[in-house]
Amino acid sequence: MSLFILVLLPFLGALLPGILDSAGRRVCAGGTLAVTLTALVGLVSNLPALMAGEVVTARIDWLPALGLNVTLFLDPLGFFFASLILGIGALIIVYGRYYLSRDDSMGEFFTYLLLFQGAMVGIVLSDNVLLLLVFWELTSLSSFLLIGYWKHLPEGRQGARMALTVTGMGGLAMIGGMLLLGRIVGSYDLTVILENREMIQDSPLYLPALVLILLGCFTKSAQFPFHFWLPHAMAAPTPVSAYLHSATMVKAGIFLMARLWPVMSGTEAWFYTVTTAGLVTMCLGAVIALFKHDLKALLAFSTVSHLGLITMLLGTGTAFGAMTAVFHILNHATFKAALFMSAGIVDHEAHTRDIRKLGGLRHLMPVTFAIALVAGLSMAGIPLFNGFISKEMMLEEALHTELFGPWWLVPALATFGALFSAAYSFRFIAHTFFGKARDDYPSKPHDPGTGMWLPPAFLATLVIVIGLAPFLVEPLVKGVTGAVLGGVAPVPDYHLAIWHGFKPPLYMSAVAVAGGILMLLLHRWLQKAWDVTPRPEAKPIFEGLVEAVAAFARGLTGRLHDGAFTRYAAILSVTILAGAWHAYATGTVGGATRAMQPAPVVAIIGWAMLVAASGFLVFAHRKRFAALVLMGIVGTIVSVGFAFFSAPDLAMTQISVEVVTAVLLLLALNLLPSETPRESGAGRRLRDGLVAVAGGVGAGALAWFLMMRDFVAAPISEYHLENSYYGGGGTNVVNVILVDFRGFDTFGEIIVLGIAALVIYALTEALLSGPVRARLLDRVPNAPLAGDRHPLMMVVLTRVAMPLILMVGVFIFLRGHNMPGGGFIAGLIVAVAVVMQYMASGYAWASERQRFPYHGIIGAGVLIAGLTGIGAWFTGHEFLTSSFTYIHLPPIEEFEVASAAAFDLGVFLTVVGAVMLSLESFSRLARRSQSTPAEHAMDIDPSRGRGDAGLKGGA
Amino acid sequence: MELLVASAIGVLTAAGIYLVLRLRTFPVIVGTAMLTYAVNVFLFTSGRLVVGAPPILTDDATRYTDPLPQALVLTAIVISFGMTAVVVVIALGAYLGNDDDRVDDSAGRLDAARKGEGRQ
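Residue numbers (numbering that gives the first Met the number 0), protein chains in the order written: chain E, 0 to 954; chain G, 0 to 119.
Simulated from the structure, these hints should not be mistaken for lab results.
Careful: at least some of the hints might be erroneous.
Only some residues are given here: those of chain G computed to face chain E with a beta carbon under 10 Å [said to hold, decoys possible]:
id: 1; residue: LEU3
id: 2; residue: ARG21
id: 3; residue: ALA32
id: 4; residue: ILE55
id: 5; residue: PRO66
id: 6; residue: LEU71
id: 7; residue: LEU73
id: 8; residue: THR83
Computed cross-link-like contacts, SDA-like style, restricted to lysine to any residue with a CA-CA straight-line distance of at most 20 Å [what the hints assert, rightly or not]:
id: 9; chain 1: E; residue 1: LYS622; chain 2: G; residue 2: ILE78
id: 10; chain 1: E; residue 1: LYS443; chain 2: E; residue 2: HIS350
id: 11; chain 1: E; residue 1: LYS622; chain 2: G; residue 2: MET82
id: 12; chain 1: E; residue 1: LYS622; chain 2: G; residue 2: TYR63
Every value quoted in this text rests on a predicted model; they were computed, and no experiment measured them.
We put the beta carbon where it would ideally sit given N, CA and C, even for glycine.
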């Protein structure tokens with residue numbers, strides 16, 4: 000099976016449990032199991048190629064410019080881990096089917112489990128380190144979901160958060176490390192990185208890369224001082240603990256250390272960091288495990304300890320150490336997953352996993368007892384079980400490892416760890432299963448159904464088979480070891496066997512087992528001593544740390560982001576100015592390459608008007624109506640300026656936008672106070688003035704520098720000018736750019752415009768349905784109302800003008816492709832024509848005569864524009880490619896029909912709809928404040944008391 | 000002529016920044032409108048100033064101004080109208096809801112709200 004399918008299968012399969020959930024628990028679990036088994040079969044189908052010494056690869060270039068490609072490869076190491084992930088995964092699914100109660104959502108659980116499985120398979124098969132990082136983060140996320148699966152338990156939520164924080168931080172460090180590694184080698188492909196041992200180890204970046212990558216590995220694999228999250232993750236359902244937190248996810252860090260072993264190991268930095276961390280973790284975890292009363296906590300610390308052991312073995316940097324590590328990964332996965340499942344069974348049946356409330360279960364649960372006994376003795380390192388063989392090899396390796404001087408230090412610590420390991424294994428068995436049967440169990444324990452004990456029994460069988468006949472797995476272990484070593488060192492010529500003769504490891508082992516038995520006998524007193532010894536607790540320290548960081552962040556945000564908008568605006572302006580000044584002061588600017596053009600008198604007059612209007616605006620801005628008039632002057636000059644500088648389309652757009660903006664702001668001012676009070680003191684005004692002048696000088700200077708220099712590169716406009724007529728079918732290049740060359744931009748822009756109008760409509764609706772409505776109704780107008788609400792002159796004028804303006808609009812629209820005009824401008828003009836009717840005769844009168852809702856017009860516009868674009872697909876072109884032809888109908892002149900015109904029609908409709916919807920919303924706000932809606936087109940305000948019926952205009 | 004346009008951009012920007020730094024919503028809206036003029040004219044000038052050569056293809060024209068900045072500014076003008084309208088309706092809503100058109104949130108009130116959140 001292709002590696003792509005192998006990685007994708009669990010992700011795609013993750014959709015199944017959710018669908019199958021309603022079909023019953025059996026179907027749901029069956030579907031999940033089928034996915035995993037299919038992947039497992041697919042994995043095994045690659046075995047012949049691997050046996051022949053090949054490396055199976057698959058590659059898709061995804062973002063080659065970033066070096067991010069989907070490249071997968073399968074070598075013995077990847078195969079080994081993938082089969083652990085999928086094999087144990089299948090057992091866990093069977094076990095989980097029976098473990099979960101009827102109240103638990105099985106679909107959700109198996110969805111998360113398959114997501115996790117896919118992410119893990121992705122890690123071990125990735126050939127690209129960036130891809131690996133993506134999968135790495137995915138395992139953290141899916142592990143978060145799984146630990147917090149029982150959302151109602153606070154321990155579950157806290158444990159999930161802690162695991163995510165610790166492994167997530169490690170993941171961040173790892174990203175940095177991997178990027179450094181890729182930078183050293185110049186490639187992000189693992190296969191390339193693995194071939195450059197010298198280049199990496201000689202690089203000055205080796206040490207930072209090593210530290211960052213190890214941070215990622217140590218957090219993931221719970222190495223001291225990051226070991227504390229793993230026991231808290233035990234709040235997860237037991238299948239999760241057995242799967243993620245003993246057999247697979249916590250081994251991801253170890254996998255990566257093994258994967259990078261050929262290029263990272265063998266240096267002093269590697270040796271001292273990894274070996275020390277492993278050794279400390281091994282001893283610490285073993286000691287704590289002995290004194291835990293919760294079965295799962297005991298197993299969790301035991302897992303921490305064994306992960307430390309494997310880490311230490313990888314740290315020694317010898318081929319034999321690597322081989323032992325590989326073998327122990329296999330052994331640990333078998334016996335620890337079986338132990339977790341047994342603990343889960345005990346918890347499931349006896350309703351407690353507190354070892355103090357248990358004991359004497361061997362007669363009540365004989366099957367479970369047998370499984371736990373086999374797995375537990377293997378963990379203790381008793382001969383004839385697989386744990387014994389790898390422990391012997393570990394002790395052998397420890398004998399040859401010298402750390403910090405004294406030769407006996409590592410062997411002594413290794414024996415110490417093995418001793419406690421034996422002790423807590425014995426305690427696990429003895430205190431749970433031996434002793435007298437009690438009558439105060441929370442629930443009467445008995446063996447579970449076959450489905451629940453079969454998976455751990457299978458693993459226990461493996462424990463015995465490997466323990467009795469280790470030569471069966473020797474080819475596997477040696478093959479994987481070869482992949483770990485990567486050709487740096489030869490695979491050691493060592494045979495996995497139960498008996499190696501009377502040698503030091505055997506004596507150390509004997510000491511450990513004897514000491515373990517002694518510890519078990521003395522446990523009651525040791526426990527008392529342990530309980531009175533003060534120890535630092537990881538959880539409060541961690542939470543205190545998180546709380547401190549959060550408080551710091553809150554304080555910083557509160558100080559910087561205190562709700563004062565003007566402060567942000569000032570900070571923003573000054574920052575931009577400072578950045579611009581820095582660029583100006585440090586950069587180089589060439590001399591002027593263009594001559595200044597002479598200014599005609601009319602231009603100087605226009606300039607003077609603009610400057611004067613802006614100046615008055617600043618000084619008189621408190622009078623809001625005056626400010627509006629002055630703004631109108633500025634806008635008019637700007638549009639005249641556009642016309643003057645060869646931009647007729649811009650001029651027309653600007654002047655029509657001026658009109659609708661003025662109407663809009665007038666409507667707003669109808670409701671807002673008409674004057675701004677003087678609030679800021681002289682100092683503040685001076686400060687703002689200085690910032691403003693500096694900004695103005697900066698912007699002006701930038702424009703000046705720009706205009707006095709030629710284009711740095713030939714503008715792409717040359718292309719537009721050349722192809723506008725022959726390619727786009729129009730002579731107005733600006734319009735052709737809008738509807739053709741950059742039609743996609745325009746399409747996006749009209750959508751934004753439509754959304755803005757809908758937002759305005761929605762906000763108005765929200766305002767009118769809230770308490771504001773009453774306020775508006777009771778409003779006292781700012782100024783005395785005019786006597787005639789709908790003046791006769793204005794009504795007549797707008798009625799007469801309407802058809803004329805509409806005709807102008809149509810004309811502007813039709814000629815837009817070849818002469819100044821087009822959909823935007825025509826839309827604005829038509830909107831002005833309609834809005835004039837609202838102004839003249841009031842909202843109620845006008846909206847009664849308006850038949851199409853403006854939302855619909857916006858929607859139709861976007862739809863027409865979109866469909867025009869899609870139409871190009873049918874002629875085999877890209878989205879929005881326009882086509883045109885010339886048609887000659889006898890009575891009329893020859894004219895052009897272009898698909899761009901349909902697109903422009905969409906633009907036109909959207910603009911009309913958006914402008915009208917916004918203005919209509921505003922006028923609805925204003926309308927509420929009036930006493931009675933007008934019934935007639937022209938009328939006189941009756942409240943003025945003139946009451947002359949003759950002046951009332953007939954409708 | 001370049002000097003006139005550049006100084007006009009400067010004046011528009013200065014007026015815009017000054018008004019944006021005021022304390023009430025209406026001057027801030029007018030200020031952003033002024034900044035919009037400044038930015039649009041600035042973008043337009045990136046095509047350089049050309050008199051009497053509109054980008055309308057004719058047989059007897061010898062030169063054309065750069066059409067691309069014009070196309071970009073045209074849509075910018077229309078979009079800025081939409082954005083102004085949104086800001087105005089937000090300002091109106093704030094004023095009508097609280098009888099207050101200040102743009103600055105009072106710092107004390109905000110801190111109290113934050114502390115309330117923190118306790119939950």
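*Straight-line Cα separation of LYS622 (chain E) and TYR63 (chain G) no greater than 20 Å?*
With a Cα-Cα distance of about 43 Å, the restraint between LYS622 (chain E) and TYR63 (chain G) is violated, given a limit of 20 Å.
*Go through the hint on PRO66 (chain G) and say holds or violated, using the shortest Cβ distance to chain E against 10 Å.*
Check passed: Cβ of PRO66 (chain G) comes within 4 Å of chain E, closer than 10 Å.
_ALA32 (chain G) as an interface hint toward chain E, with CB separation required under 10 Å_ = At 6 Å from the nearest chain E Cβ, ALA32 (chain G) passes the 10 Å test, so the hint holds.
*Keeping to a limit of 20 Å between CA atoms, is the pair of LYS622 (chain E) and MET82 (chain G) held or broken?*
Cα-Cα ~24 Å, so violated.
*Given ILE55 (chain G) was flagged as interface, is its beta-carbon under 10 Å from a beta-carbon of chain E?*
holds (5 Å)
_Please check whether ARG21 (chain G) passes as an interface residue: C-beta within 10 Å of a C-beta belonging to chain E._
With a closest approach of 7 Å, the ARG21 (chain G) hint holds.
*Hint check: 10 Å Cβ-Cβ cutoff, LEU73 (chain G) to chain E*: Holds, about 5 Å.
*Return the status of the interface hint for LEU3 (chain G): holds when the least beta-carbon distance to chain E is below 10 Å, violated otherwise.*
holds (5 Å)
*Straight-line Cα separation of LYS622 (chain E) and ILE78 (chain G) no greater than 20 Å?*
Roughly 27 Å between the alpha carbons, so the hint for LYS622 (chain E) and ILE78 (chain G) is violated.
*So, LEU71 (chain G) near chain E? Judge it on the closest CB pair being under 10 Å.*
Given a least distance of 8 Å, the restraint on LEU71 (chain G) holds.
*Straight-line alpha-carbon gap LYS443 (chain E) to HIS350 (chain E), limit 20 Å*: holds (9 Å)
*Classify the hint on THR83 (chain G) as holds or violated, based on whether any CB of chain E lies nearer than 10 Å to its CB.*
holds (6 Å)
When held up to the earlier numbered hints, the structure conflicts with 9, 11, 12 and fits the remainder.
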